[in-house]
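Novice: Residues per chain, in single letters:
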Amino acid sequence: MQIDQSLAELSDLLIYGAMTTLTAGMVAFSVALAKGRQLEPISNSENRSIEISHQLKMGATTTLETPSVTTSNAEGAGRRAGNIGMAVMWLSTILIGGALVLRGLSANRLPWGNMYEFSIAAGFSITAAYCALSLKRDLRWLGLFITIPVLLALGLAITVLYTESAPLVPALRSYWLAIHVTTAIVCIGAFTVGALLSSLYLIAEKSEDRIKASTTATKLDQLAKRLPNADRLDLMAYRIHAFMFPLWTFSVIAGAIWAEAAWGRYWGWDPKETWAFITWVIYAAYLHARATAGWRGRRAAYIAIAGFLAIIFNYFVVNTVIQGLHSYSGLN
Amino acid sequence: MRTALILLFLLALASVPGSLFPQRGTSPLRVSQYLRDHPDAGPILDRLYLFDVFASPWFGAIYLLLFISLAGCVIPRVGVHWQELRSLPPQAPTNLNRLPAYQQWVVSDQKQDVLLKAELSWRKSGWRIRTGPDWISAERGYARETGNLIFHLALLIVLVAVGFGGATGYKGTVIVREGAGFANNVTQYDTFAPGRNFNPEELSPFAFELTDFSAEYQRGGMQNGASRMFQADFDLVRTPNSPVEKVELQVNKPLRVSGSSVYLVGHGYSPEFTIKNEAGEIVWQDAAVFLPQDGAFTSTGVVKIPDTVPQLGIQGFFLPTLSADFSTGPRSEFPAADRPAVYLSAWLGDLGLDNGIPQSVYKLDTTNMKRIGIEELIPGQTWELPENQGTLEFTGYKEWASFSITQDHGKGWALVASMLAIFGLTLSLLVPRRRAWLRVSETSEGATLCEVAGLAKTEAPGLTSEIEKLALSLK
Ligand code: HEM
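So the protein lines, in turn, are chains A and B.
Offset between the first sequence (1-based) and our numbering: plus 78.
Offset between the second sequence (1-based) and our numbering: plus 757.
Worth flagging that the hints you see were computed from the coordinates, not collected in a lab.
A few of these clues could be false.
Claimed, not checked - Pulled a few chain B residues facing chain A out of the computed Cβ check, cut under 8 Å:
no.: 1; residue: M758
no.: 2; residue: A761
no.: 3; residue: L765
no.: 4; residue: A769
no.: 5; residue: S1018
no.: 6; residue: Y1020
no.: 7; residue: K1120
no.: 8; residue: T1163
no.: 9; residue: S1175
no.: 10; residue: L1177
no.: 11; residue: A1178
no.: 12; residue: T1183
Cβ coordinates follow ideal geometry from the N, Cα and C atoms, glycine included.
Make the full structure from the sequences, and use the hints.
Specialist: Take a look at the structure:
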């Protein structure tokens, strides 16, 4: 099998391009967050209804209108920055997608056969999911938090994990690889977003508590003001996890079918499989927690984040360090 | 639910050491190495089953408890759900306006007409309907609970299938050289691990001969030497009386023979030697299996000749592509046999075969032996062994392939049950379960006041829009 080096090099260039645009996106989204209007009043609903009834009684009061005039300039700037950010996210998605396609064409195979390609593909699935979801609702508040993990993934890929374009080793040549890895990439992308939402939920929830208790506001409260309220964040996180859990289950089973075809056993508790199992159990625990009194909300969010950390551990530590730990004996 | 949650946590936690410590089930060599490297901590860890985590009593206890609690929680719910599936939704509450997604409007139609219209159109869109004098109760999404029960029961089936397959099956490995054969029979395996209830009579009576093994490697570039293809060609006889079939076996393409599966898992080289004694008589002529030690197939192995007096042992390296750089010892620099060479040492003394302790066929016990010489040979070269021990000719090499052969009667069931689990899970997580009500009452002007409200029994989006749709169908 011949490798087309020029396509592979073009693919690398597109990754550098995407990193540039993502950095621009990060700046734009930061401005949008700093200057943007509050998405929804996060003061608790009691206050809100008092405000509204106050407004109703007094008619449209000038005291309420004046500040909204002064903020509208900054608001406009924030909105423009958010729009720029969105455009840049679309561009980045196209660049990363293009890099994947070229990489695949250069070796004439699916472009996810090693950690480099896997990271790029996961980055793509995150930005693509973000762009697709943003078609239906305003997600500019989330943009900054999306650019960070994607930049990290691409940065690690191009520096530490970089691998030349090459044909696959025989063990990876199976259509179950295509199915297993593709679904895993999609799930990892979605679980990243899920973990982000759960983290933002924790921030928003703490901030709402502080506002209720009228303790002094912190920097995080400034951030929380720009986010949807805690309940909505929680619900969004839940929907992503609930939607992805069946797919993750399928991905693990597809991996088992592949292992059966390649190694003669469908489950062998090797570290990689063990951590896939741990991740699966943690997410099952998350779904249970959502249905258990006293565990919804904050504790459930911590479980979701733990599930994501297990994925990251499986990807970075099990793939590299655990093997290394054992290879000290030279018996690898 | 709290019990399930805590047991799930414990299960995740208990699996962690299984990935941090080497496990006997997957890497027994690493375990013994670990025990040798940690003489103090090793035995303690061993007693805590940290090298057999997934077969340990504590791991077993957790998953057994989990599945008992699963059965205890799910089986009663099957009955409850069965009743629910056959009964009608509960009556409409009196005050709908306290419920979420509440709507009201006034129409000029008669009460009964509105009710009838609602019943027909709601039924058509999949709601189960109960009618009252001036209300309708509707419910949908029963599939959510059905799916949930299917999922949890399927997990139980998976567990049973895995246990059954493990107990009645076996796993064996065997190394076969080109030109040699294998008949499926316990004695022919190099390693054989039967399940507790395995019946040796069940071994399917196939046999094969490895006619050719071929491999291709990446040449040049960062992944120089990476394996690109390997394939074993063999002549297969499925049962003693069936005709010979030509079969190609590759990684990811196992051979299925009446309940058994044969997998190509590894390969290596077997240098061929002809060893003659001082009198010129052949004392040994065969291909010896050498085991690869690195990605470039630097391979090590031994030849033991117990019939000479004193006994002769040969130990050494087979190097498919002899490296020019000898500073780190004999080494191959590429996995393909481009420049094959062997690098051997000859030992004289007592091989230690007679003391009853089983010995590895890949290692020479040199405690009672002395080395008489070392030599590097390429194919066709002959070495005059020192101390008049005769000659050793390196005639060439063959390749060998290693096979893993398994039988698992449970795996089909496990697969079906896991597919069922995914199906149930998808229903359980994606089907919304909700109730809706319609109440009609006469206004003072003789028109009809319609009130509609809904209730989501589970977290699923879109209650409001669904209730709006229901209302719209009546307006
Ligand atoms: C092998 C372990 C288990 C796994 C992987 C598992 C997984 C799941 C999943 C993914 C859900 C869906 C959650 C949802 O509908 O939101 C669920 C729901 C549920 N599970 Fe389990 N489960 C396990 C064991 C158990 C056990 C032992 C019990 C009983 C104590 C149990 C009781 C329930 C109940 C009652 C629900 C329904 C919750 C609801 O309707 O929201 N599960 N389980």
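Novice: So, against the hints stated earlier in the document, which numbers end up violated here?
Specialist: 7 and 10
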